[in-house]
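Q: One letter stands for each residue in the lines below.
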Amino acid sequence: QKEVEQDPGPLSVPEGAIVSLNCTYSNSAFQYFMWYRQYSRKGPELLMYTYSSGNKEDGRFTAQVDKSSKYISLFIRDSQPSDSATYLCAMGSGTYKYIFGTGTRLKVLA
Amino acid sequence: DARVTQTPRHKVTEMGQEVTMRCQPILGHNTVFWYRQTMMQGLELLAYFRNRAPLDDSGMPKDRFSAEMPDATLATLKIQPSEPRDSAVYFCASGFGTGTLSNTEAFFGQGTRLTVV
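Line by line, the protein sequences are chains A and B. If you count by my numbering, then the first sequence holds residues 7 to 116, one letter each, in order. If you count by my numbering, then the second sequence holds residues 72 to 188, one letter each, in order.
One or more of the hints may lead you astray.
[To be verified] Calculated cross-link-like contacts (lysine-lysine; reagent style DSBU-like; alpha-carbon spacing at most 35 Å):
1) A:K73 with B:K82
2) A:K8 with B:K133
3) A:K48 with B:K149
4) A:K62 with A:K8
5) A:K48 with A:K76
6) B:K82 with A:K113
7) A:K8 with A:K76
8) B:K149 with A:K73
9) B:K133 with A:K48
10) A:K76 with B:K82
11) A:K62 with A:K48
12) B:K149 with A:K62
13) A:K8 with B:K82
14) A:K73 with A:K113
15) B:K149 with B:K82
16) A:K113 with B:K133
17) A:K113 with A:K76
18) A:K113 with A:K48
19) B:K82 with A:K62
To be clear, the hints were calculated from the coordinates, so they are not data collected in a lab.
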């Protein structure tokens, strides 16, 4: 079993929908949680960075961390075709070593 | 516009050949990561440098991979000899961290897409 599990998708939604992307993990030492967005043929770009449990909101994006369930989520409100990309979760315990999920492909249909 | 620059963007080479990938980190960043991305494994950490010193290269096949930072503006990843299983996208990322092993947000380059035939 991998340390970080992420549903590969693809996930197709209509424009304007609320999107929920999730990762589960097994290492209870993880405290730092990130979401990256990766467009086709590009490098990952950091979207959200959270520490420990709770919610963090940035525009249309909300990141949630539930450490008791070892479960993190990224919500995208009012999804746009430009949100079509692969979303990677990453997590770590406070050192340089982050473990990445394999990514969920999202397609937002106009 | 600060960004991590990687060259070449694409490389096709024959098995057994040497491959060198280069990375220019964002000016002022003191941390450099090399990652490899494949469909099956996702992003895997190959090497980590802090202030140009290699602190962790445990993710690299030691017999064929090597990573260096000749100066603060250049990081290199070399494969010799290359094998078909090395085909992947190689990403360099940089960041700024305090302390030797502290967490660092990583800013990624565009990657080098390597195909070994």
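Q: Does the alpha-carbon distance linking K8 of chain A and K76 of chain A stay inside the 35 Å limit?
A: holds, 13 Å
Q: Take a quick look at whether K82 of chain B and K62 of chain A sit within 35 Å of each other, Cα to Cα.
A: violated, 40 Å
Q: Is K62 of chain A close enough to K8 of chain A, meaning Cα to Cα at most 35 Å?
A: holds, 26 Å
Q: Given the hinted pair K48 of chain A and K76 of chain A, is their Cα-Cα distance within 35 Å?
A: Distance of about 29 Å is within 35 Å: holds.
Q: Quick one, are K149 of chain B and K73 of chain A close enough, alpha carbons at most 35 Å?
A: violated, 39 Å
Q: For K82 of chain B and K113 of chain A, compute the direct alpha-carbon distance and say whether it is at most 35 Å.
A: holds, 29 Å
Q: Are K133 of chain B and K48 of chain A close enough, with their CA atoms no more than 35 Å apart?
A: Measuring from Cα to Cα gives roughly 28 Å; hence the hint holds.
Q: Is the Cα-Cα distance between K76 of chain A and K82 of chain B 35 Å or less?
A: Roughly 39 Å separates the two Cα atoms, so the pair is violated.
Q: With a cut-off of 35 Å on the C-alpha distance, tell me whether K149 of chain B and K62 of chain A pass.
A: Status violated; Cα separation ~39 Å.
Q: Would the pair K62 of chain A and K48 of chain A pass a check requiring their Cα atoms to be no farther apart than 35 Å?
A: holds, 25 Å
Q: Mind checking the alpha carbons of K113 of chain A and K76 of chain A for me, to see if they're no more than 35 Å apart?
A: At roughly 26 Å apart (the allowed maximum being 35 Å), K76 of chain A and K113 of chain A satisfy the hint.
Q: Below or equal to 35 Å on CA atoms is what counts here, so check K8 of chain A against K82 of chain B.
A: Within the cut-off at roughly 30 Å; holds.
Hint compliance for this structure: hints 1, 8, 10, 12, 16 and 19 are broken, all remaining hints hold.
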